[in-house]
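Asks: Whenever a hint applies, use it, and build me the whole structure from the sequences.
Protein chains: 2
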Amino acid sequence: MQLRVAMAQVDTRVGDLEGNCELVVRWTARAAQENAHLVVFPEMTLTGYPPEDLVLRESFARASERSLVELAATLADQGLGGIAVVVGYLAHTEGSGPAPVDRTPTDDDRPGDANPRRGAPRNAAALLFGGEVVVRYYKRHLPNYGVFDEARYFVPGTELPVVRLHGIDVALTVCEDLWVEGGPCGVAGQAGVDLVVSPNASPYERAKDDLRLPLVRRRAAEAGATVLYCNQVGGQDELVFDGDSMAVAADGTLLARSPQFVEHLATVDLDLDPSSVPERREGRIGPMTVTRHVVSEEPVAAFDRRPATVVDPLSDCEEVWRALVLGLRDFIDKNGMPSVVLGMSGGIDSALVAALATDALGADRVHGVGLPSKWSSEHSLSDAEDSARRLGMHYSVVPIAPMVDAYEASVELSGVAAENLQARVRGTLLMGLSNQHGHLLLATSNKSEVAVGYSTLYGDAAGGFAPIKDVPKTLVWDLARWRNAYARDRGETEPIPQNSIDKPPSAELAPGQQDSDSLPSYEVLDAVIADYVDRDLGMAELLERGHDPEVVARVLRLIDTAEFKRRQSAPGTKISLKAFGRDRRLPVTNRWRETLPTVREGAQS
Amino acid sequence: MQLRVAMAQVDTRVGDLEGNCELVVRWTARAAQENAHLVVFPEMTLTGYPPEDLVLRESFARASERSLVELAATLADQGLGGIAVVVGYLAHTEGSGPAPVDRTPTDDDRPGDANPRRGAPRNAAALLFGGEVVVRYYKRHLPNYGVFDEARYFVPGTELPVVRLHGIDVALTVCEDLWVEGGPCGVAGQAGVDLVVSPNASPYERAKDDLRLPLVRRRAAEAGATVLYCNQVGGQDELVFDGDSMAVAADGTLLARSPQFVEHLATVDLDLDPSSVPERREGRIGPMTVTRHVVSEEPVAAFDRRPATVVDPLSDCEEVWRALVLGLRDFIDKNGMPSVVLGMSGGIDSALVAALATDALGADRVHGVGLPSKWSSEHSLSDAEDSARRLGMHYSVVPIAPMVDAYEASVELSGVAAENLQARVRGTLLMGLSNQHGHLLLATSNKSEVAVGYSTLYGDAAGGFAPIKDVPKTLVWDLARWRNAYARDRGETEPIPQNSIDKPPSAELAPGQQDSDSLPSYEVLDAVIADYVDRDLGMAELLERGHDPEVVARVLRLIDTAEFKRRQSAPGTKISLKAFGRDRRLPVTNRWRETLPTVREGAQS
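Here the protein sequences come in this chain order: A and B.
Here the first sequence stands for residues 1 to 605, numbered as in this note's numbering.
Here the second sequence stands for residues 606 to 1210, numbered as in this note's numbering.
Source of the hints: derived by calculation from the structure; they are not laboratory data.
For each residue, glycine too, the CB sits at the ideal point set by N, CA and C.
Treat each hint with caution, since some may be false.
Claimed, not checked - The calculated label-pair distances, taken between Cβ atoms and stated as ranges, are: (1) Arg557(A) to Ser920(B): 38 to 46 angstroms; (2) His437(A) to Arg1093(B): 51 to 59 angstroms; (3) Tyr1091(B) to Glu544(A): 56 to 64 angstroms; (4) Arg281(A) to Glu902(B): 40 to 48 angstroms; (5) Gln1118(B) to Gly19(A): 34 to 42 angstroms; (6) Ser920(B) to Thr291(A): 53 to 61 angstroms; (7) Val311(A) to Gln1118(B): 51 to 59 angstroms; (8) Gly1151(B) to Glu297(A): 54 to 62 angstroms; (9) Gly19(A) to Asp1083(B): 40 to 48 angstroms; (10) His437(A) to Leu1148(B): 35 to 43 angstroms.
Unchecked claim - Which residues of chain B face chain A? A partial, calculated answer using Cβ under 10 angstroms: (11) Val619; (12) Leu659; (13) Asn749; (14) Asp754; (15) Phe936; (16) Leu966; (17) Gly1020; (18) Ala1023; (19) Arg1029; (20) Tyr1063; (21) Asn1195; (22) Trp1197.
Replies: Next comes the structure, spelled out in structure tokens:
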């Protein structure tokens, strides 16, 4: 039995119900042009993901419900009522159902800050057809770890609706449901279905596709059905979503895979055999109740099968590069900023951020400023200029000596205070240009610096967005080399000066200063950061893995005490297991030190 | 049957297992001097609360388990083994139990950011006696709303241990368990107990005691037993805990209440009648399993009953003042900062922060700096000086014109860019002094400013702590008047110049500028903020409540677009229903506007 299905991996905007509905109409029209019978959109299509505490705002939740109903009508008005459309949205019910045990106590004497989830908000998906909302599915498994906080927002669902569409039984699930063995896919398998749709908002992380494909294969086997995995694409504050949508048959065959980091409509021609499903049940199955609904029993007319596209995953560096470009572009564009400004030191970090910004926004929206001090080397200015010239971006120079001198004539500042002063004069100049011309200031801090606090608060850490905040310094170099090679392969100018890549890193805040005066080599430092921050290993495990005890002691102390600075720093695109920000939530006031004995020696048991 | 019980509301330090254990030994020794038989400490005594993602660090969780066992031994070593001690801690079990349904999917193909709660961490309380850990209780109800994220961290408990101590049956619970009707207190009531102990970490909020006492009364009635409610005291980043510990009899009699905002040991002499408990059961009761344990059947020797102290709650202004003083003091001291610096404008905000800092730290640790510009009025300098003189704090003056002139000679800045420049020159000077002398910079922003973004990023918003970040401007004035009256009543110098209270507020960043040029009156503004931010009301409800539509449209636009600035601002003590920060988590990139139509007009259903 044939069906042409489509996955529309679109770039939604959080909070923009109207714009996101228009997006659905536009992409459904494209799917209709392709003669698709069913099109699946990502998780929470109408609200964007993650909407965070917007979910708790009743006026927003009600508007989401209204726009779902209106979207169904609009689709029909536009002649698109004959295609089944699965969209994600925020559900809100006036009469809140019973709260789940252990999560939402419902005493009437709760304090003012008690759980404000009025209207039992749910992370929902709906199937629209013929101008109507045919069924609504409520996400069952709510992730509440890493960057996810869904236990704060949503009530879990207990029903699994199955819709017969042109004689094919389609089960609805949402995102995390797919990561759970014996979850809704298992229930669908016991109920008997032909197809499972899975709208997702699964944030990018390096090499995540290596996890996703085997996962979708296991769920397809469990459901005994083809799985359509449609993932969101685009940047949203610290998160970037990579798309990577795919269709996998019950036997594990990868039928289609979409490219990463671009909006895309993938169509797949299915030819399913309903007789292979041994039985079809409804009612209580395991922890869920299966309901069955019919849109149409009639199979679609036979059509010529077209091959679907299976895109290969990108290489590691290209994947990270595209993630950073998209995260930056969407932050700037979705916040309505016309252009960006950044300080150019001639060093590798600002050269890389300038290249990213140019790839993301076009050279004409990127403004670089050289801000030399009396400690700046000659090459710092010439490399900065070279960088700007290669990229074709705007570039100007403002020496900082007059301002630094004015401060030093008024107050006595020495040592680190004098070093920081220079960075803050630069920050103040850049913010002045930002305010005067409407540019957003980009901070050029990398993850290694952010980890150990090797930056000046309100100085080089100033900025509205920090594109490489989650990129360790060693990867900064790798990305620069990769981007230059990519340009060479295409006969284009290498965007990053070789000298910026080759020279030893220096903050140039004091005569002859180099990063290696204050920090271990970046190879050593990044390895400790990966184990302590990303993998959360303790002191004993760090030593077991062969790290030098003195280096570990020094680096951990730096990381532990920099929380304070990180709390006040700009968002930046997450690419790693554990980025500073939404992922890693530590108190500023925190006495725990891996490197100190925490219990009296004599009292060891 | 008699028992002398004690509640030790202590000020713990997050992450300081060793220091917190010493605190328990010290206060247990005090309880022993008072001949108490049982002493109860606050929730998560050993780790401090909230430890946030420290919970997910296995090395920390293991250290918490170790320090509990060592604490029991140390108490006995110090001759305190004969007093029963209830402490909170972070429990960690090597063999993680089954994960609760709907919260921790346990597929083996989870992504790297999957729930890292190895070892089934639990928010636990233990009863120590005779050098041993007698029983461990695992918190059942995990709050996951407002400032709480316990579903991220903990696995809920299902056992209710009851310990017979000198013939009296004591049930253990933790914090949120008390807020749930039919929760562990209900189970205790069905099981039959004489006493319920409740270690708490319940953050301060204005007039919270009005909720707590009736709540504890209902739970005491439900348990048919006396309840000992012991709450943490002290500041931890944005949160401040007020103590307010209490003992309430089964019939609702308030037996004792401790003062707010100070460490305190309250003793209460109980005379309980075990025969009034109709039956004593164990095993499965409702959703929990009740276990019974015996420390001693023998009643204590008869002793003379002493009256307990019932402290009245503080007045609204005094309560807020003490919350702000303690929140500030603990942030500074727990982070090991020797002193603070702040800019003094002669206005009410900096005058109030200076008075708070002086109350919190003593005048010798407070450094004020007057930073006049060419737009500063004469009274701004004289009022700032008057303020510093009244408080006896350090004070100096640095005119900012030379620095401002140096910038303006290098780049052209006009309008808001020129206004912000002055604020950033001040921020840079203050941070220079902070770095040079080791002072922590205090930001003086109030909640009204923070709400609408009426501040300069890296300028007046710069600082490591913002003591009045959650205090609306109208309350700033009320607090100033209250603090002066408090001084007058005691024959002391009024700490705040009357002129700073009386004059119209101005940022003085342009000639003749007043706040009222840019904002509605603070009475009007604060009322909108209370409804939109604290109560989360939507547009329709705001208009229903009589707010002016134009004012609402303007203020909401300002609030919605200032998220960006707030993300990069310092922590400050929470005193309201909903403070900016941990309480209210909105995306920076967010298109939702209450004031715009979000669905097409014609498509309304």
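Asks: Check each numbered hint against the structure and report the violated ones by number, ascending.
Replies: 4 and 16
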